[in-house]
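Chains as they are written, first to last, in the numbering used here: chain A, 3 to 468; chain B, 3 to 468.
Watch out, some of these pointers could steer you wrong.
Since the list can't tell identical chains apart, any single copy or any two copies may satisfy a pair.
[Said to hold, decoys possible] 25 Å max Cα-Cα, derived BS3-like pairs, lysine-lysine:
| # | residue 1 | residue 2 |
| --- | --- | --- |
| 1 | Lys277 | Lys156 |
| 2 | Lys416 | Lys366 |
| 3 | Lys304 | Lys277 |
| 4 | Lys377 | Lys416 |
| 5 | Lys464 | Lys415 |
| 6 | Lys464 | Lys201 |
| 7 | Lys201 | Lys191 |
| 8 | Lys35 | Lys65 |
| 9 | Lys281 | Lys156 |
| 10 | Lys464 | Lys191 |
| 11 | Lys464 | Lys416 |
Hints in this document: simulated from the structure, not taken from any laboratory.
Here the structure is a predicted model, which means the values were calculated and not measured.
Residue-level listing of the chains:
2 protein chains.
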Amino acid sequence: MNAVPISEIYKDDIIVNSSITVCGWIRSRRNSKSGFSFITIYDGSCFYSIQVIANNSLSNYYKEILHLTIGCSVIVTGMLILSLGNQQKYEIQATEIKILGWVENPDTYPISAKKHSIEYLRDVAHLRARTNLIGVIVRIRNHVLQALHYFLQKNNYYWVPTPIITSLNTEGAGAMFRVSTLDMQNIPKNQDGSVDFKKDFFGKESFLTVSGQLNIETYACALSRVYTFGPTFRAENSNTSRHLSEFWMLEVESAFTNLDDMSDFIEHMLKYVFKSLLKNCMPDINFLKNYIDNDIIIRLKKNLCMEFVRIDYLDAINILLNSKIKFEKSVFLGVDLASEHERFLVEKHFKIPVIIKNYPKELKAFYMRLNDDKKTVAAIDLLVPNIGELIGGSQREERLSMLDERLLELGLKKEDYWWYRDLRRYGTVPHSGFGMGFERLISYVTGVSNIRDIIPFPRTVKNSHF
Amino acid sequence: MNAVPISEIYKDDIIVNSSITVCGWIRSRRNSKSGFSFITIYDGSCFYSIQVIANNSLSNYYKEILHLTIGCSVIVTGMLILSLGNQQKYEIQATEIKILGWVENPDTYPISAKKHSIEYLRDVAHLRARTNLIGVIVRIRNHVLQALHYFLQKNNYYWVPTPIITSLNTEGAGAMFRVSTLDMQNIPKNQDGSVDFKKDFFGKESFLTVSGQLNIETYACALSRVYTFGPTFRAENSNTSRHLSEFWMLEVESAFTNLDDMSDFIEHMLKYVFKSLLKNCMPDINFLKNYIDNDIIIRLKKNLCMEFVRIDYLDAINILLNSKIKFEKSVFLGVDLASEHERFLVEKHFKIPVIIKNYPKELKAFYMRLNDDKKTVAAIDLLVPNIGELIGGSQREERLSMLDERLLELGLKKEDYWWYRDLRRYGTVPHSGFGMGFERLISYVTGVSNIRDIIPFPRTVKNSHF
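Please take these sequences and the hints and turn them into a complete structure.
Pasting the structure below:
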């Protein structure tokens with residue numbers, strides 16, 4: 003089929019007054035009294051649809067075209083012309099409209115012309131990509147991923163896949179999903195009554211990954227700059243607008259890099275993404291501005307002009323204490339910042355992304371590098387307005403003796419981390435990295451606040467539908 | 003740290019006779035009798051290492067530099083100069099060499115200078131990225147992924163993530179991994195003794211996906227051209243060089259596309275990848291030619307010049323019958339082609355990639371479009387030499403009545419596919435797609451025959467190490 007995507011028309015590459023074929027779905031049909039109809043066709047290739055003029059001289063005008071409803075699929079051939087109307091630049095004067103698929107019972111079509119609530123659309127996740135909003139999210143998500151790849155590649159980072167199935171719990175915490183092929187009706191048991199995982203597929207208890215970091219460190223300690231981008235899992239029973247049981251995470255790891263280098267890199271990376279969106283995705287962003295978040299353009303531009311704030315955890319605590327605000331969770335030196343604290347800092351106090359660094363070691367994972375004060379670790383969290391934590395990162399502990407001390411303190415077994423320790427035994431290097439929740443980034447740049455609307459088929463507690 | 007990746011040096015962008023800092027690991031050290039040493043440093047940013055000349059005037063020459071062994075990490079500052087030697091274009095006359103990390107007991111360093119077998123390297127998967135071979139694979143794998151993204155984007159395809167956790171078995175076959183948070187010591191049971199999955203995290207029995215195809219069809223039937231790229235799982239107990247329990251798959255789906263369109267697209271896509279590799283990755287490819295597969299360049303070039311063969315399943319059977327070869331599995335009309343048959347066709351008979359199309363419907367999944375002969379379906383398999391099946395695809399059955407007939411024939415419940423059927427009830431369109439095993443593609447273009455060496459941390463039966 004020699005059809006062209008509608009996006010090609012709006013690139014102004016197609017010669018006007020030439021014949022063209024487009025395929026797509028009906029967005030609307032409006033009949034003129036003068037014996038013709040205006041039909042708008044959408045194919046998802048860009049935000050815009052194309053207006054088609056169907057004259058009653060078309061052989062199927064009365065029998066078919068006048069019965070077209072929203073969602074029907076068609077192939078339109080005709081002359082591409084400049085539109086005289088104000089609403090659109092181009093239109094197609096149809097010479098043939100072939101109907102590919104009707105909508106069964108248009109009155110009950112789940113994605114009818116009326117406005118649907120974003121919550122309702124989750125129940126028809128298989129059809130919601132036909133709406134403007136979800137189409138916009140698809141194109142922006144796609145663009146952000148390409149921009150991230152481009153930025154990372156330009157900076158000499160290589161993509162490395164890390165395993166999804168693992169027998170390791172990177173964070174030493176966090177609920178995990180078990181992966182098994184054991185017969186649940188007949189669990190094999192050891193003599194002491196425990197489950198005999200030696201009989202399971204992998205010969206030991208295995209889980210879905212909560213992070214690829216430890217794995218990717220092995221590649222950073224060989225090829226310097228690497229990243230992984232893939233699905234990540236948390237089996238936590240948290241039913242919030244910011245959590246998914248299955249989400250995508252970008253994890254970047256760089257040898258010969260300290261915490262400040264990494265903070266700069268993060269700021270450059272995000273600014274590159276914002277700039278790229280403003281340059282390439284304006285039709286989609288304008289829709290979001292009009293229907294979802296009036297501030298979206300100002301927010302992206304403001305992020306571009308201003309430097310991200312960098313403060314120590316200690317300073318953050320002082321700001322919170324001096325704010326005189328009564329938080330639900332009280333503030334003290336050593337507190338694990340709660341969402342209310344983070345949002346105060348980033349939304350009320352600074353109103354711009356904030357990097358908080360040097361957290362008390364008790365709050366962070368074993369692999370983070372101990373600072374010279376012996377109390378804090380070289381960790382950062384990047385907070386952004388409306389979202390809270392978008393990125394968590396750290397300089398990794400590259401000194402074997404310090405790492406072993408931390409493992410001991412936390413009651414973790416050295417033997418379980420034998421290969422991670424090897425990186426410190428053989429040509430160890432200072433290195434740093436971070437993880438960014440991809441859907442949270444998309445939520446931030448689109449203003450779409452519930453993360454269930456960012457990913458096509460969200461997985462949450464009691465929900466693995468579709 | 004203001005170090006530059008070694009790759010930047012070989013782009014000829016850095017001014018000769020200027021000061022430069024590089025970070026990396028020692029590949030070799032050779033002492034001259036005239037009071038200096040040649041040290042080669044590798045940082046993984048490209049195939050090449052850089053030679054450093056360390057003079058005995060350096061303050062740590064005798065105390066440290068003369069003790070450097072392979073794998074030690076260093077920061078080198080010095081003057082970038084044009085080399086007088088034949089082996090390299092550039093070298094660095096060091097003014098400072100700072101040692102970051104020593105190798106503990108060099109005699110037992112797992113990645114010592116001697117040649118290691120590829121099988122041995124799997125046991126030290128956390129260190130094997132330090133070898134030339136695995137570095138080459140990383141860079142080629144990275145390049146192929148970027149080339150695929152680029153090609154798809156250029157052709158108006160959008161990336162869409164499909165879920166990993168699913169309650170659906172796309173193929174209606176294939177062993178799956180169960181995902182659960184139930185306490186294996188105390189499985190909750192229903193009155194009839196069956197497992198009470200309502201108490202499980204997702205409220206029903208859930209698995210790791212074997213394909214994102216059904217999910218992505220919903221987006222193709224809304225936005226026309228989409229693809230998904232992510233980990234995919236098979237719980238089959240197959241211990242071959244071509245199978246992984248966890249592998250990455252590219253799945254492409256396009257509305258308004260038939261089987262021939264899709265076959266053309268596949269050929270263009272692969273040729274784009276081959277061309278891009280030959281243009282951008284020659285240092286890495288030359289290493290593979292010298293050490294792994296002497297034919298690699300000829301093979302890629304031949305694939306570029308020749309059209310892929312396209313034959314019907316029926317013709318394939320006739321070729322096999324006429325070959326007079328005694329296959330282990332005998333050949334007859336309707337046989338599910340075995341690896342030996344596929345390899346004969348592609349390696350002995352055609353010696354170029356072959357697309358076999360129109361398979362008997364009994365051999366293929368329910369969603370493939372029934373041809374007019376009512377016996378075959380519009381399915382393709384792409385076979386390539388040394389690998390066998392690289393891609394499987396089909397035109398999808400877009401006619402609801404035909405789809406329902408196939409579900410019934412195969413004893414599948416219509417209700418389980420309610421949302422998939424909806425795509426055929428509302429504005430159905432002809433559409434086609436395919437899935438490509440990413441690691442198999444990398445195996446094909448690198449000549450590295452065992453897929454366990456293509457992915458950093460392979461998952462196979464009894465193996466979820468690292």
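Quick rundown of the hints versus the structure:
no.	hint	in the structure
1	Lys277 x Lys156	both (16 Å within a copy, 21 Å between copies)
2	Lys416 x Lys366	within (18 Å within a copy, 50 Å between copies)
3	Lys304 x Lys277	within (11 Å within a copy, 42 Å between copies)
4	Lys377 x Lys416	within (22 Å within a copy, 61 Å between copies)
5	Lys464 x Lys415	between (34 Å within a copy, 22 Å between copies)
6	Lys464 x Lys201	between (29 Å within a copy, 9 Å between copies)
7	Lys201 x Lys191	both (9 Å within a copy, 22 Å between copies)
8	Lys35 x Lys65	within (17 Å within a copy, 95 Å between copies)
9	Lys281 x Lys156	both (18 Å within a copy, 17 Å between copies)
10	Lys464 x Lys191	between (29 Å within a copy, 18 Å between copies)
11	Lys464 x Lys416	between (37 Å within a copy, 23 Å between copies)
Hint compliance for this structure: every hint is met.
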